[in-house]
Each structure stands twice: as structure tokens, then as C-alpha cells.
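Now for the letters of each chain:
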Amino acid sequence: MGQNLSQNRPAVVIGGNRIPFARANGAYVGASNQDMMTAALDGLVARFGLQGQRIGAVASGAVLKHSRDFNLTREVVLGSALSPQTPAYDVQMACATGLETIGSLADKIKSGQIESGIGGGVDTVSDAPIAVSDDLRNVLLAAGRARSLKDRLAAFAKLRPRDLAPSAPGTDEPRTGLSMGEHQALTTQRWEITREAQDELAAASHQNLAAAYDRHFFDDLITPYRGLAKDNNMRADSTVAKLSKLKPAFGKSLGDQASMTAGNSTPLTDGASAVLLGSEEFAAEHDLPMLANFVDYELAAVDFVSGEEGLLMAPAYAVPRMLARQGLTLQDFDFYEIHEAFAGTVLSTLKAWEDPEFCKDKLGLDAPLGSIDRSKLNVNGSSLAAGHPFAATGGRIVATLAKMLHEKGSGRGLISVCAAGGQGIVAILEAR
Amino acid sequence: MADQYLDFANTPFGRSLAKRLGLPAPVRLRRYEQGAALIPGAAMVIGSSELARTTGELLLGWGLEVRTHDAGHAKLGAIVVVLDDVTTPADLSPHALTLSPALKRLAPGGRVITIARPEQDGDAPELAAARLGVTGMLRSVAHELRGGATANGIELEGSLDLSAPSAQAALRFLLSGRSAYVDGQFLRVDSQRGVLPQDADRPLVGKVAVVTGAARGIGAAIARVLRRDGATLVVVDVPQAGDALAKVANEVEGTALQLDVTRPEAGELIAAHAKERHGALDIVVHNAGITRDKLLANMDAAKWDSVIAVNIESQLAMNRAFKAAGLDQLRIVSLASTSGIAGNRGQSNYGASKAGVIGMVRASAPQLSSGVAGINAVAPGFIETEMTAKIPFATRAAGRLILPSLQQGGLPRDVAEAISFLASDSAAGINGRTLRVCGQSLIGA
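As you go down the protein sequences, you meet chains A and B in turn. Taken in order, the first sequence gives residues 28 to 459; the numbers are from my numbering. Taken in order, the second sequence gives residues 206 to 650; the numbers are from my numbering.
Isolated chain A, as found in the complex:
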């Protein structure tokens, strides 16, 4: 499918905007998903002068979503400076949400269906939906169906005090009961990733992100929000020495083998991002920059329930399929943006691609994909430093990578994002 599409006209990344990412229960307490996504979208409109314009489609989504937000993206558009005639839809694919919105819009542009699109996502843990328990919900529904006072009282009579306890959304996998961190801890152990390697990656993420701020890289990628102008999880002075002092947070069953800490795992974060895509004609007609082509993207999923594969390893499977389709090797890239759900995720994935056995048995390849030049990895920081508001991460990465490629003026970038449910999404961007 991708090959057919890539023979069509290019889908161009014009630019992006996000609000700074904030650690949960901090700067953005009181802001809803709709508030934050509207801020990200209005900042994008302001940057590119899109006021009153009808965009082909706006797609976004949230992983943690209130039932009232059944039409989240459309409501965001209606509250934005865009034309109210702009259609919008929601996507929900765990942490793959943001990149999936952008990929699907790119396909619509390539096929000629739309001229412009805005993709992205938002998440807040600080304003997470809290639901009533299933038992209380059943009582309320039964009472609602009751036709007489007697029936209604009978329905409420079934209520027990424990039913009143609210049920908060968790990040545990429903089929295993394990948190994402515990799942990754198993994978980290499986690939023998050292604590030191994880801490090195985490420290580099913070230092790279801080350096990017210092050289004004984010001046046209971020719009401040609620008094925050930078990602507040960032620690510019982070070092391996400091990170090495943290106690393990996941994989405690592994005893002294446990290596994953709060420092080399992403924190819960609030934030939103949006990316503007268009055809070349759209960009030219509106005097807009063309940063990169959105070349291709690929989804994958793994069987983590049986324990056959690690929860967050799906991108390891998606990448070779996409490379084969595009006739590229893993080394044909100038930048690698591998989402840092955990430092262990990035390092396990890279190690898997270097492993002849894994590449032969699991990926069906004659030779391993091989190693990458680590100096090209997450060069302006990634989720360990910036934070990871689930659905917003795809938009952050696409806009950042597109700008990096445009600054370089040539080359390709590879994006890899893991997601809950054993899923993954990967993509290729090409400089313009």
C-alpha cells in the first residue's frame, strides 16, 4: 500500500507547534485535554497565519479520555481560530495516536483527497477521567430504566458501600495486570541492558534537549502555556553520576538486577502537540515552508500476552518491513528518533536489530539490521527529558525531526514509537 502511495504526490511537513510538556499534577492542573489541544492548535494557526482557513482535516486524540470528549478534536477546532468548516476526527491508538493521525493525514494528502491536514494529540494525567465502579454504574443504569419509585428504590437497594469507590484509569495492561514499567523491566532484563547504559541515554536526553533550547531550536516549535515556556521535566544539569543514585522503580522482583529508575523512565506528563501537513501546492500557494516529506509509515503489533515478545518491542518488527518496502537499510538515515518510553526500550530495540538470532528468527532476515551511529540518535532530546503526554509525543517528534532535516538540508530520519497493547508505529521523513 505504502509503495503505491509513495508514487503519488508528496505529503509535506510544513511545521508544528506544541505547548511545553509539564509533569503531571503540576503546571497544567485544571487544564483539560480540550483546553491544551486548543492551545496547541491556536499556536499553530498563529505561527502559520491560518486564521479562518478551512483545513482538509484535523485529527488528534487522547489516550486518557473523558466520555464527554466523544468528539474532542471537532470541539477543539470549533474553539480555535480555524474555519468552523474544518472537519475533524479522533484517533485513539495509545501512544501511537499522534503519529497515526499524522500518517493517515499524509496518506490523504498523497492520494489527493485533501490539500492540508493537522495531526497531533493531547494527554493529561492531571485531569484524567475517573469513572464510577461497574457495580455503581449498573445500579445507576437500572435505576434509570425503572418505571416506578418502587423499582428505582429496588435498584438502589443493591448498592454496597464498596461500589462507591471510584475507578481511576491505570496504565496497567488489562490482559497481564502488569504496568508498562514492569513489562519493560522484563524486556530490559532479556536484552541485558545495563543500568549505566540506561542512565547514559537519560542524561544525554536532558543535555541534548537543554542544548536545543539554548540554540533557540524550539522558538518556532513551542508556544508557552499557563506560565510554562519550557518542558519542566528537563534537567539541564543531569548527569550519569546523579542518575546513578536513584533507586529502581520497576522490576523489583529482579532484585539487584533491577535497573529501571524514575530517572531513566518517562514521567507522567501533560501536554499537546499539532503538526501542519500539506501538499506542495498548498504550501506554495500559502507561502509556507516545506521542511520534510512524510515518506511512509508502518504499524506492527506483538504477542506480549503469552510472553513471547516484550510489550514495547513492536517497532522492532515494523521498521524492517518499512525499510524493505522503501528499499532502504537501517543505516540510510541521518537522524533516528526513537521514543524514549524508557531508556531500556530504546536500547532493547537497538540491541535486537544488532542481534543475528532475533533478526533471523523473529524478523525473518538473512542478516541483522545492524547498529546505528549513536550520535544520530535523539539529537535534540526525547521523551526522557521532555516528558511523554501519551498522544502528544508523535507530533512532538515529527515537528522536531522535520525541522532538523530542513536545517541539515538533506537526508532522512527514522521515527519509532512504541505503544500499549503491544503495538508500535514507525515512519520515515525526508529532508526538503
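Be aware that one or more of the hints could be misleading.
[Claimed, not checked] For the chain A half of the interface with chain B, some residues (derived, Cβ under 7 Å), not all of them: (1) Ala73; (2) Ala256; (3) Lys257.
[Stated by the list, open to error] Label pairs and their in silico Cβ distance ranges: (4) B:Lys528 <-> A:Gly397: 48 to 56 Å; (5) A:Pro294 <-> B:Glu591: 32 to 40 Å; (6) A:Arg164 <-> B:Glu591: 21 to 29 Å; (7) A:Arg95 <-> B:Gly219: 45 to 53 Å; (8) A:Ala311 <-> B:Glu473: 17 to 25 Å; (9) B:Arg233 <-> A:Glu307: 52 to 60 Å; (10) B:Arg233 <-> A:Gly171: 55 to 63 Å; (11) A:Ser398 <-> B:Gly531: 44 to 52 Å; (12) A:Ser110 <-> B:Glu470: 33 to 41 Å; (13) A:Gly53 <-> B:Pro469: 52 to 60 Å.
The set of hints was computed from the structure by calculation and includes no laboratory data. Owing to the predicted nature of the structure, the values given are computational and were not obtained by experimental measurement. Where is the CB? At the ideal position from N, CA and C, for every residue including glycine.
Since chain A is already given, all that's left is putting chain B on it; use the hints.
Okay, now just chain B, sitting in the frame of chain A:
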């Protein structure tokens, strides 16, 4: 920015109380509205020179009812006194004495405007005395007027007359509600340069304008007024102010550029953004500015240096970059301040930077003197903004009520109107000048 005293003083009870207590009685100023009459009544032209005759013709051409002598009892919307032919102070007498009874019939929000020659090097003592005499008379009349009426002057250099586009544009600006808070000031026209707009209500159609410091206050008001007047906007502010900036950009349907103007590449980045995204750069409004008030005796390097860097060095650097980029038809308007003219306690750094702006525009003018190019400054007096809202109540009350002739603070919009006028091609004959928008405040007099 609600001025509660202004509201109160305009109620029947407030009016009578203010009168009995001898408090100032500020009125609502006549501010510009698109499509509104140029002046609130007929225009009277005083003077006997050829220039007086052509002034009357011009006003007739603008559709005004024009009188050349005081007759009847109808309210006068404006009185234009043409004094280009005075040669000795005694020559002022007949004009002043004709103006005298007419003043009593000036409508609220009316205008007194003198058109005269500026005093210049080489003038005979009698001539210099007569010409400077005009300014003393006009400024005193401005103090005398009430009801939101103002008095301002136009100075025509050499043998310039009303065929100079900027002379016409200045006259229209001073008559209109655009000059509501300009009082006791002179606009000097020094050349025949300038192009009058097709549509006086939308003089900036087709122009691309950059406003720095546009996220709030006066900068945001400038963006709104330039947009109303037809310009396409690039609004600039520091990245930290980006959320407010985005709101302004979306309101004026422009583009937001998050940029610290003190960065060495700021001028280049602004020029590139305007050209790439809007195809041109015609107008630059250097509005970005900060205050770090402290008595000089207690000043530290951070406070001093940041004010100088933002308020003046950045403007100089950007202007050099615009020149290097070949933008030789730029119209630049800078924000000075009455603190730069008179100084202000606790503002030695700010005063230095703002006086610096006045010097910069004066010295830069000769390099921007072809076509419609030009550079001028606007010096606001007490303007009601978030910044001034933080000034202690008594100081603020004194600043806005007692000192200016108009007995109130100005609005950010009032500053923006003057900037829009100076940014237009029609003002190209005014170059290197600083126009005060201060309600004739004594501060900096």
C-alpha cells in the same frame, strides 16, 4: 484598563461633585472610527496668505463646511490658523484676535491647528521671534482648551505648501480622531516626498508590517490598528510571551514570530520571515521595550544593560540588518518616551535608552530619504496599560489627571494611531522626528 475616575466624572453627579471640589473634569476623547466625520462641525480657516486660501480649498475638497470668518453661532469642529506669512511678532495679533472669539464656539473634541514655517538657522531675529512665537501661542491655547479639544501645529519647511502629501496627511491626522491624545505638538514636514492613500480609511492596504513586543499593551494595540488600517501583520515577541502573542496574531490574522529582538540575527530573521511568508517588508515598528527602574545610586549592571540592550541597541542592530538586506524603502517607527525627553526619577537606564531612540531616528533619517522610506519615533506620555496599572494609585492619579492638558491618561490605541500615521507612505515627508502622544503632559515639557 478601566479608568474609574473618568467614568465617574462623566456621570451627572460626578460632574457636579468634581466641579464643586475643583477636581479635574476629564471627558471622553473623540477617537477615530472608520467612516465617522473628520471633525465634529464646520471648519474655520484664519489667515490671509495664499496658503490660507489653499487650505480652505483643501478642506472643501474633503467635504467639510468651511468658513473664512466668524459668523453665526454654530459649533466649530476645527479652526485652522495659517501663519506662514508672519515676519515679526506683531503680525500674530490679528490672527490671535480672530481666533479668540472663535475658540468659544469650538465643539467638544474640536481642533485648533496652526500651519506655519519653522524657525530655522539664518532667520532674521524678527522672523525667528515670530515663528517661535507661533509655537508658544499654540501650546498655550492647547492648555486652555477643554472638552477633549486639542491644539497642534504643522510646520512646513522652506517653501513647501499643501501640495506636499505629508502636509495634507498631517492635517488630516490632526483633524481626525486618530490624534485624540496628541496635544500641543508640532509635525514638521521637510520634503515633498510621500504618497497619499487611495482610501484614507485604509491607508496601509497592501503593506506588510512587523511589530515587535506585540504580545500585549501598546504593541498589541499597534498590531490591531495597523490591521484595521489594512496592513498584513507579523507580530514579534520573546518566546516566553508566545501564548499572548499567538492570541494577538490570531486576532489580527497575521503570523506570530517568537523571537528575542536582542539576538544578533533578529533583524535578518524578521526580514526573512516577512519576505518568505508575506512577500515583502514595508513597515517596522520597534515597540519592544522593558523597564528596570532603580535610582542610579542603586543601579546594577543587569538592570542597566538589559534596558539598553532591548530598548535601543536591538533597534540599531535590526536597522543595520534591514539596510544590509537592501530594504531601502522601509518605513520605521520607534517607540521613544516622554521619559527620554524630560527624564524620570528612577529611570536613568530607561531615559538613556529612550533619548537614544530620539537620537537614532534623527541620525538615521538622512539614510532613509528616498522614495517613501523614513524613520520617526513616537513618545508616549502616561498611557493606561498593565504596566502603568502597577504604579501606586496616587502617582497614577497625578500622572493621568493633573498634569496633562487632557486631564487623563491615554490609551494604547492613541499611541497606535500616531504610529499608523507615521508608518504610512503619506508621512514620508516627515523624517527623523519624534511625535509626543502625551495629552500635553507637563512631564517632559
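Structure-based check of each hint:
no.	hint	result
1	Ala73	holds (4 Å)
2	Ala256	holds (4 Å)
3	Lys257	violated (9 Å)
4	B:Lys528 <-> A:Gly397: 48 to 56 Å	holds (53 Å)
5	A:Pro294 <-> B:Glu591: 32 to 40 Å	holds (35 Å)
6	A:Arg164 <-> B:Glu591: 21 to 29 Å	violated (48 Å)
7	A:Arg95 <-> B:Gly219: 45 to 53 Å	holds (48 Å)
8	A:Ala311 <-> B:Glu473: 17 to 25 Å	holds (23 Å)
9	B:Arg233 <-> A:Glu307: 52 to 60 Å	holds (53 Å)
10	B:Arg233 <-> A:Gly171: 55 to 63 Å	holds (58 Å)
11	A:Ser398 <-> B:Gly531: 44 to 52 Å	holds (49 Å)
12	A:Ser110 <-> B:Glu470: 33 to 41 Å	holds (35 Å)
13	A:Gly53 <-> B:Pro469: 52 to 60 Å	violated (35 Å)
Figure legend: structure checked against the earlier numbered hints; hints not met, in rising order: 3, 6, 13.
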